[in-house]
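**Q** So the chains spell out like this:
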Amino acid sequence: MSQTLPDQPRASVPPAPPARTVPKRPDPRPAAKPAQTVAPSLWSRIPGLTTAATFLTVLLLWEGAVRLFAIPSFLLPAPSAILGSFGAVGPARWATHVWATLRVAVMGFGLATCVAIPLAMVMMRSPFLSKTLYPLLVVVQSTPVVAIAPIIVVALGAGDLPRVVITTLITFFPLVVSTATGLAATPPELIELSRSLSAPARREMTQIRLPYAVPYIFSALRISITLAVIGAVVAEFVASDAGVGYFIQFSTSMFRMPQAWAGLVVLAAMSLILFQAVVLTQKWLFPWSLPKTTR
Amino acid sequence: MQQPPAIRFDAVDQVFQARSGPIHALQGVSFDVSHHEFLAVLGPSGCGKSTLLRMIAGLLQPTSGEVEVFGMPVTSPRDDIGIVFQKPTLLPWATVEDNVTFPVRHKTGHVSIRDRERAQELLAMVGLEGFGKRLPDELSGGMQQRVGIARALHLDPDILLMDEPFSALDALTREMMGFDLLRIFADKPKTVVFITHSVSEAALLADRVLVMSGRPGCVASQHVVPLTGPRGPDSMKDAGLLDLSADLRARLMTREAA
Chain Z
1 MSQTLPDQPR ASVPPAPPAR TVPKRPDPRP AAKPAQTVAP SLWSRIPGLT TAATFLTVLL
61 LWEGAVRLFA IPSFLLPAPS AILGSFGAVG PARWATHVWA TLRVAVMGFG LATCVAIPLA
121 MVMMRSPFLS KTLYPLLVVV QSTPVVAIAP IIVVALGAGD LPRVVITTLI TFFPLVVSTA
181 TGLAATPPEL IELSRSLSAP ARREMTQIRL PYAVPYIFSA LRISITLAVI GAVVAEFVAS
241 DAGVGYFIQF STSMFRMPQA WAGLVVLAAM SLILFQAVVL TQKWLFPWSL PKTTR
Chain L
1 MQQPPAIRFD AVDQVFQARS GPIHALQGVS FDVSHHEFLA VLGPSGCGKS TLLRMIAGLL
61 QPTSGEVEVF GMPVTSPRDD IGIVFQKPTL LPWATVEDNV TFPVRHKTGH VSIRDRERAQ
121 ELLAMVGLEG FGKRLPDELS GGMQQRVGIA RALHLDPDIL LMDEPFSALD ALTREMMGFD
181 LLRIFADKPK TVVFITHSVS EAALLADRVL VMSGRPGCVA SQHVVPLTGP RGPDSMKDAG
241 LLDLSADLRA RLMTREAA
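Chains as they are written, first to last, in UniProt numbering: chain Z, 1 to 295; chain L, 1 to 258.
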């Protein structure tokens, strides 16, 4: 995961220590140390340099192999061909497709979050509801969403709604389970303290349990946001006339392989950016919920 | 009219229903704690010491017998009792000051300026002046436990229950915290029930020591600590205290062995 977060280790480094106040005396020893420390510092000084270099190497090898062995483009298009198809498609078409996928993924993710967290709270409060709802959730989760997708599309018709529902279905299970775990992971002492104060149950939830669940909720949100992109693409495969998933399917049916690969690159980038957005949101709103070294 | 004891246990039994069958946690426990007395409860692990505290706080009802606080049977949780836990269990997202005012915020949903001032006073009292805006994980374990004590005192309870509050601290910090605690209570007397594993801690801090034996937990013996006047590091050399410590240690040893 670290290659997707190139700037994190840098961000965690504390500010430089104050300059030494001891006056520097001329050092009689030969300066032998610096020569050893310069080499590694080149790689560690520029954030993400290692990652960039790795990617560049892979791309160069890829390009070279495709040219050297004359690999046909339906098997593996060269990076240069993929890059070329980016321009051929044009920014306006890209924008349409990216917006269609992004809209569904984010709406599905948002809906899942809005359903899952209150649901977990209700299940936490009521053992009866927990016992009745949990098996249902497991059944829904065990049914392959790809298989339900056509049924949902038929039931809910065209438009964003069926796609959002499919995305929600695929994203919300980890959210419910993780939130419920977090709500139950609160130190029992604090619950006793709450009870000894005869505080209303609502405040036990909002002032103790829910904040304690924040780290759990966010680790689930990170999983869910990448699942949301998958959900949106699955929905587009079933029925749609726009979206990056639709674009890939359309491109392959026309045998425009570099173009399909370009769509794949866009999807991967979208996933990464959305994932990063969730990470940054946690960092920004709930810095205390992160391990000290990654704040 | 004679004042009733602050806390009174009368033939208290506590049985928990576990999956493997009933567990007899306490049997026939009777003792009193008088007003502003510091009672240390000493005993092996699993002898129901924490159960005692939860019953005083009204979080647990006795299976039989009676628990009274200020002459009234305890039937529901009461907020005139402060609790300090073994672990500080502070809210990691709240500043030190917000942690201290947590009881009032949690109870009423509102923190007044007066509450904040009181939090500042308490922080100064436990030696954490100027730390109000820090987050708990910026503090050492001992400092966090001081915040826990300030939190327990914020509603100004008459009774303070302490469940092995210093057991997670290193020996030196532990000793210092003990004396700080005595200093705090000298200013503002409280009725204290202090649970501990440490014989020396019990003898040094308490007015009276209650020795419990395990499974089912019951009161094995009670000892008045033969110290008068203020206590300090020198009190540890007091002959009476040394005798008491040896006696307590011997009692605990034989029970552990048996």
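These are calculated hints, taken from the structure and not from any lab test. Treat the hints with care, as some may be off.
[Stated by the list, open to error] Example chain Z residues on the side facing chain L (calculated, C-beta under 8 angstroms, incomplete):
| # | residue |
| --- | --- |
| 1 | A184 |
| 2 | A185 |
| 3 | P187 |
| 4 | S196 |
[Claimed, not checked] Now the stretches of chain Z that chain L is said to cover, found in silico as 3 or more residues with beta-carbon under 8 angstroms:
| # | region |
| --- | --- |
| 5 | 145-156 |
| 6 | 207-221 |
Every residue gets a Cβ at the ideal spot worked out from N, C-alpha and C, and that includes glycine.
**Q** Each of the hints needs a verdict: does it hold here or not?
**A** Quick rundown of the hints versus the structure:
1. For A184(Z), the shortest C-beta to C-beta distance to chain L is roughly 16 angstroms, which exceeds 8 angstroms, and the interface hint is violated.
2. This hint is violated: A185(Z) has a C-beta 13 angstroms from the nearest C-beta of chain L, more than the 8 angstroms allowed.
3. Below 8 angstroms, beta-carbon pairs count as interface contacts, and P187(Z) has one with chain L at about 5 angstroms; its hint therefore holds.
4. Proximity of S196(Z) to chain L holds as hinted, the smallest CB-CB distance being about 5 angstroms (cut-off 8 angstroms).
5. Counting residues of the region 145-156 of chain Z whose C-beta sits closer than 8 angstroms to any C-beta of chain L gives 0, which falls short of three, so the coverage hint is violated.
6. Coverage of the region 207-221 of chain Z by chain L holds [criterion: at least 3 residues with CB-CB distance below 8 angstroms; count 4].
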